[in-house]
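Chemist: Each chain, written out:
Number of protein chains: 2
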Amino acid sequence: MTVQETIRTMAANAKKAARMMASLSTNAKNQALTRMAETLIARKEFIQQENEKDLAAGRQKGLSAAMLDRLALSDKVMAAMGEGLREVAALPDPVGEISEMSRRPSGIVVGRMRIPLGVIGMIYESRPNVTVDAAALCLKAGNAILLRGGSEAIHSNLALAKVLQESLASQQIDAAAIQVIPTTEREAVNVMLGLEEYLDLIIPRGGESLIRFVAENSRIPVLKHYKGVCHVFVDQDADITMATNIVMNGKTQRPGVCNALETLLVHREIASGFLPVVAGELIRAGVEIRGCPRTKALLPEVKAAAEDDWGREFLDLILAVKVVDDLDEAMDHIALHGSQHTEAIVTNNYKNSQRFLREVDASAVMVNASTRFSDGGQFGLGAEIGISTTKLHAYGPMGLKELTCKKFIVYGDGQIRS
Amino acid sequence: MTVQETIRTMAANAKKAARMMASLSTNAKNQALTRMAETLIARKEFIQQENEKDLAAGRQKGLSAAMLDRLALSDKVMAAMGEGLREVAALPDPVGEISEMSRRPSGIVVGRMRIPLGVIGMIYESRPNVTVDAAALCLKAGNAILLRGGSEAIHSNLALAKVLQESLASQQIDAAAIQVIPTTEREAVNVMLGLEEYLDLIIPRGGESLIRFVAENSRIPVLKHYKGVCHVFVDQDADITMATNIVMNGKTQRPGVCNALETLLVHREIASGFLPVVAGELIRAGVEIRGCPRTKALLPEVKAAAEDDWGREFLDLILAVKVVDDLDEAMDHIALHGSQHTEAIVTNNYKNSQRFLREVDASAVMVNASTRFSDGGQFGLGAEIGISTTKLHAYGPMGLKELTCKKFIVYGDGQIRS
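If you read the sequences in order, they're chains A and B. With the first letter of the first sequence counted as 1, position 199 gets the number 199 in this note's numbering; the numbers rise by one all the way through. With the first letter of the second sequence counted as 1, position 152 gets the number 152 in this note's numbering; the numbers rise by one all the way through.
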């Protein structure tokens, strides 16, 4: 079979499986997830042998230590995957929830029932644990999933899929509900993106170039985020200690992630009191500051920000800092340079807190909290399949509910329309 | 300016306007809608003059009487548009609604706030009243809208846009919130579909070929439905009178619309009692029946259904009829031939009603009611901007809420992540 035929057949089988998945009971899904957790441990040796093939190939190709670390299915990573499966089993089942029921003037009773989306296509790089995490969430939400991982993790991903499929089969669930595409050819991604008759949603996870490629070539709806350029605006009457803590946490706790802080905006009235304090802490923590002219006037030792430092995702210990006249200038700056990911204000002014919450367009808008909280787990979604910074269907961290939708249901007793 | 430049500038202006629209008060939006209703009437003569240019051109081009009728802005249509504007003003404002607030273990309080989508692109054919209806719903939901109507209605659409913009300006609202593209060149659609930096959503309304073109060429998310192939399944223990009424209403009340009935599925145990009754009524109403072999065995006078009559959208007084063994065969037929629009069962069996509601994948699933109820107004959405038969973001009739989304909001008092 050609790559095209192979993937088309897999997708068609996934679509068939999706019909069965949609009507599985919560118990059956939870038992399958628990069984997967058990089988992962029971088959650890096999999985780690296959993982070793990827690691050996990676070493040969000269992958960095960090890349190899992301690839490795150590005992710790294996245990975390098992734990993740049990956590998903413990989450409430979103499918079947009925809401908004009301009787209409015609006499029909109309409401909405939550249902699975169908077949999810997942395109991702590197970390093989995504295979298990994504499969677990899709299964719990009653979907089938077709996974396409990075070529450097192909043996690991196929081994994990094999074990997950064994678990499904042992529970009389169609194994086609979880499939990993077995070829590493790049063409596979293009084929997937054209299968709109079988796939209902594509979720890409990886670098910006992968995500752009998927978004530009897909005929299937895509949930995506390109980057996280998060701002904190320290308002005129902010608490300086609180603001310092929030800036330090946002910038230094884990600088390489999408909800880390990239640009600090400071009200001019608080700048001379606040900037020296926060700059001292930042510099002690090894952060490079790139300031606007007014920032440099207060902190002559820092580097000048270049025009393209505004709106830049450093993912590193670098922070752009700008002094602004007021809330409006801060919000204008965010509207121009933000990435609709996460934006925060630090303020004790009630009116400004409300305006910021209402008027800033981002998937998460915060008052007096660190941008690092922008996360499915922290927001109470239980687990996260990704983040969306476009507004259709989902905006922000996506959990189980975002892998479902609602249909209308109607109870009548013979009504016809006049 | 080229077509490309013109449309890009309009879209950029719409995006600027969208930021203002998002923070308009409910009162300001309602006053603008009321003002539009008044201005439409005050400027009726101008609008009808411009409409006459389209009608004259249409007559010259040899448009059918039905097409000319759809195009005409008669006094009655003008009054209905004004009434529609007042109805939208009376609907609750979805923007700003806060839900799901809860305190997380970290101490932050997280919830969701409903916000507008931004800029909606609407691509439609024929009826110029869509210009007003769509603009009203988008405005109420806090969005800007860029409209591209059919070339045969260009003078009417531009006249309506002019009047709507005058109303906006009189209320100090940026007139760029409602714009009609002034060129009839086909290229305009392609240009719109590529402006993903400015447009958040495309809604096409028209024939299947227009919608397919938009879906296949858009880089912006599209909410669409291609067609409505609605089935009614008459179960073994259905009430024969109720089933007959529901079939007659679905097929004959308005055969040319997407929620009309196209295929009747009949349980074999009720077929001999039910089919002669319903066939008599259908034939008296001028409906052509196309039956499967088992149907023809009971109704020898009817035409045989061809293979491509299953899943066909007749939009006419034609009904495909098939006898099935049981509920499972009916649901298999619907899964294979349905269009995920509206599906109904007529039954007195509790278990079968619940299975049908749960297991049938369609945007609206009904028990003992006519498929003709599948409509935003009938479902209580107030007004309808279209119907979606794909599952992302919206599934089924779309009202004001479907022109919005939710962002996460966080209230903290200095929390940082550990």
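Keep in mind the hints are simulated off the structure, nothing from the lab. Some hints here could point you the wrong way.
DSBU-like, lysine-lysine: derived pairs with alpha carbons at most 35 angstroms apart [said to hold, decoys possible]:
{"no.": "1", "chain 1": "B", "residue 1": "K16", "chain 2": "A", "residue 2": "K351"}
{"no.": "2", "chain 1": "A", "residue 1": "K406", "chain 2": "B", "residue 2": "K53"}
{"no.": "3", "chain 1": "B", "residue 1": "K15", "chain 2": "A", "residue 2": "K15"}
{"no.": "4", "chain 1": "A", "residue 1": "K296", "chain 2": "B", "residue 2": "K303"}
{"no.": "5", "chain 1": "B", "residue 1": "K76", "chain 2": "B", "residue 2": "K162"}
{"no.": "6", "chain 1": "B", "residue 1": "K224", "chain 2": "A", "residue 2": "K15"}
{"no.": "7", "chain 1": "B", "residue 1": "K224", "chain 2": "A", "residue 2": "K224"}
{"no.": "8", "chain 1": "A", "residue 1": "K16", "chain 2": "B", "residue 2": "K227"}
{"no.": "9", "chain 1": "B", "residue 1": "K406", "chain 2": "A", "residue 2": "K15"}
{"no.": "10", "chain 1": "A", "residue 1": "K15", "chain 2": "B", "residue 2": "K351"}
{"no.": "11", "chain 1": "B", "residue 1": "K15", "chain 2": "A", "residue 2": "K224"}
{"no.": "12", "chain 1": "B", "residue 1": "K296", "chain 2": "A", "residue 2": "K227"}
{"no.": "13", "chain 1": "A", "residue 1": "K15", "chain 2": "B", "residue 2": "K227"}
{"no.": "14", "chain 1": "A", "residue 1": "K296", "chain 2": "B", "residue 2": "K15"}
{"no.": "15", "chain 1": "A", "residue 1": "K296", "chain 2": "A", "residue 2": "K401"}
{"no.": "16", "chain 1": "B", "residue 1": "K296", "chain 2": "A", "residue 2": "K406"}
{"no.": "17", "chain 1": "A", "residue 1": "K224", "chain 2": "B", "residue 2": "K76"}
{"no.": "18", "chain 1": "A", "residue 1": "K162", "chain 2": "A", "residue 2": "K44"}
{"no.": "19", "chain 1": "A", "residue 1": "K401", "chain 2": "B", "residue 2": "K303"}
{"no.": "20", "chain 1": "B", "residue 1": "K16", "chain 2": "B", "residue 2": "K406"}
{"no.": "21", "chain 1": "A", "residue 1": "K227", "chain 2": "B", "residue 2": "K15"}
{"no.": "22", "chain 1": "A", "residue 1": "K406", "chain 2": "B", "residue 2": "K162"}
{"no.": "23", "chain 1": "A", "residue 1": "K351", "chain 2": "A", "residue 2": "K16"}
{"no.": "24", "chain 1": "B", "residue 1": "K61", "chain 2": "B", "residue 2": "K16"}
{"no.": "25", "chain 1": "A", "residue 1": "K16", "chain 2": "B", "residue 2": "K15"}
{"no.": "26", "chain 1": "B", "residue 1": "K303", "chain 2": "A", "residue 2": "K16"}
{"no.": "27", "chain 1": "B", "residue 1": "K16", "chain 2": "A", "residue 2": "K15"}
{"no.": "28", "chain 1": "B", "residue 1": "K162", "chain 2": "B", "residue 2": "K53"}
To spell it out: a stretch of chain A is covered by chain B in this simulated footprint if at least three of its residues, at any positions, have a beta carbon under 8 angstroms from a beta carbon of chain B; those stretches are [said to hold, decoys possible]:
{"no.": "29", "stretch": "98-108"}
{"no.": "30", "stretch": "364-370"}
What you are looking at is a predicted structure, and each value in this text was computed from that prediction instead of being measured. Each residue gets a CB set at the ideal place from its N, CA and C atoms; glycine is no exception.
Chemist: Return the numbers of the hints above that this structure violates; sort them in rising order.
Modeler: 2, 3, 4, 12, 15, 16, 17, 19, 22, 23, 24, 25 and 27
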